[in-house]
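**Q** This is what each chain is made of:
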Amino acid sequence: MIYLSLFAEFFKVGLFSVGGGLATIPFLRQLINTRGWFTEAMLVDMIAVSESTPGPIGINMATYVGYTVAGPLGSIVASIAILTPSFIFICFIVKALGAFSENRFVKAAFYGLRPAVAALIASAFIGIILITVLSPGRFNGPGNFFSIINIKQFCLFTVLFFATNKWVKLHPAVFIAASAIIGVIFKF
Amino acid sequence: MKALIEIFWSFFRVGALTFGGGYSMLPMLQKEFSSKPGNITNEDIIDYYAIAQCLPGIIAVNTAMLIGHKQKKSAGMITAGIGMAMPSIIIILIIASFINNFTGLEAVAHGFNGIRVAVAVLILNAAIKMWKSGVKDKTGIIIFIAALAALTFLDISPILPVLAGAICGVVIKERGAKA
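Protein chains in written order, with our numbering: chain A, 1138 to 1325; chain B, 595 to 773.
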């Protein structure tokens, strides 16, 4: 039953992704291997759409992946599933809300958990670099390392990295739209 | 019932009009709740946002559900969560069904190849931001490197580094407190 598997997977995403929308990506990448519901390239496209449309990125991702896997009902199942752990958690902690975030165990857990989440996002970055800026499949022997770099993509990547850090106030959708136009003009 | 419908619409508006969740949502929530007569203050919203970051799941929705709970207990919480998610579901459904008609076009394929580079940059920036806010000392660097190595070279679930990191944090801090 596809809806049950969807619910189970997104329940897990909701339970373990800490630190905002993009923190869900490592968990969704895992589904490429374990479930085979979509490809790495499809996931990246879904991230782009989720970043460019209104609403929390995590919900947008759940909705889009759910739709891709099982149509409109799938999108509803995935969104509800990703919210369910939060429902349960809040019911438990709501009596001692102030004490929760000041609790020394919660603070200590986050002290160790944040670097791990940074590593999760960094590993998602490596995965996406391997299908965009680099093409490891083109590697043709030692000494020819540069053969795996896609020059056009590499140039755009460098420019965008500096642009996004110079104009931090600009919305990500601006950079996504600009990249789409550059991609069409320069035939990426 | 009237109160619940009001909660639903408030969060529906917030969901439909904020891009990206997180910080960008705070001014919207303050406008929606603290400027109206009621029991939610500006300070409440800031507190809920801080707590929402320490809960599993999506920060924006956690904040919404905490506000909903303050207003109308469990029913308010569920209404707030669904209200917040509803615009995403509608918008993404429209876009997803629309995009499939165009993916065959060559120009669209080139466009998406460009977009993927932008997504790589956005994720790199997110990783850098997370590093800056989360990796504070040598222990943090060691956890980061160990987690990244495990994720790159071993076929493990991302759940493991999260759990291992949390356990390491508690063990290290508690031993430090005793010493």
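FYI, nobody ran anything at the bench for these hints, they're computed from the structure. Treat the hints with caution; some may be incorrect.
[As the list claims (entries may be wrong)] Just a few of them, taken from the derived set where beta-carbon distance is under 10 Å, the chain B residues facing chain A:
| id | residue |
| --- | --- |
| 1 | Pro621 |
| 2 | Gly632 |
| 3 | Asn633 |
| 4 | Thr635 |
| 5 | Met671 |
| 6 | Gly675 |
| 7 | Met680 |
| 8 | Gly698 |
| 9 | Ala701 |
| 10 | Ala703 |
| 11 | Asn707 |
| 12 | Ile709 |
| 13 | Asn719 |
| 14 | Ile722 |
| 15 | Lys726 |
| 16 | Pro755 |
Model, not experiment: these values are computed from the prediction. Beta carbons: idealized from backbone N, C-alpha and C, even for Gly.
**Q** Confirm or reject each hint.
**A** Okay, the hints, checked on the actual structure:
no., hint, verdict
1, Pro621, "14 Å, violated"
2, Gly632, "18 Å, violated"
3, Asn633, "14 Å, violated"
4, Thr635, "14 Å, violated"
5, Met671, "6 Å, holds"
6, Gly675, "5 Å, holds"
7, Met680, "9 Å, holds"
8, Gly698, "14 Å, violated"
9, Ala701, "5 Å, holds"
10, Ala703, "9 Å, holds"
11, Asn707, "4 Å, holds"
12, Ile709, "5 Å, holds"
13, Asn719, "6 Å, holds"
14, Ile722, "9 Å, holds"
15, Lys726, "9 Å, holds"
16, Pro755, "4 Å, holds"
Of the numbered hints listed earlier, those contradicted by the structure are 1, 2, 3, 4, 8.
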